Amino acid sequence: TFVETDRFRGTCYRAANWVQVGITQGRGKLEKSMQGKLPKKYILLYPLVKDFKEQLCR
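First residue of the sequence shown? That's 7 in the working numbering, and the numbers climb one at a time after it.
Treat each hint with caution, since some may be false.
Pair ranges (Cβ atoms, derived) [unchecked claim]:
hint	residue 1	residue 2	range
1	E60	L36	25 to 35 Å
2	D57	D12	28 to 38 Å
3	R64	R13	26 to 36 Å
Derived from the structure by calculation, the hints contain no laboratory data.
None of the values given here were measured: they were computed from a predicted structure.
Just so it is clear, CB atoms sit at the ideal spot from N, CA and C, and this is done for glycine as well.
Go ahead and model the full structure; you've got the sequences and the hints to work with.
Dropping the structure here:
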């Protein structure tokens, strides 16, 4: 899931054991320029298996 950093901290997700894996660059998927015009967001994942980090890095 994505959590907007300017408005929220994602506390309920973190309390439910979601893991932050990154932050977006603030660009929309259709953005032609390389400048971020949208708010940055935390990228949070809920791990379903113990070795989720290893599986994501494959």
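To see whether the hints hold, each was checked on the structure:
1. E60 <-> L36: 25 to 35 Å: holds (33 Å)
2. D57 <-> D12: 28 to 38 Å: With a Cβ separation near 33 Å, D57 and D12 satisfy 28 to 38 Å, so the hint holds.
3. R64 <-> R13: 26 to 36 Å: Given about 34 Å between the Cβ atoms, the range holds.
Checked against the numbered hints given earlier, this structure breaks none of them.
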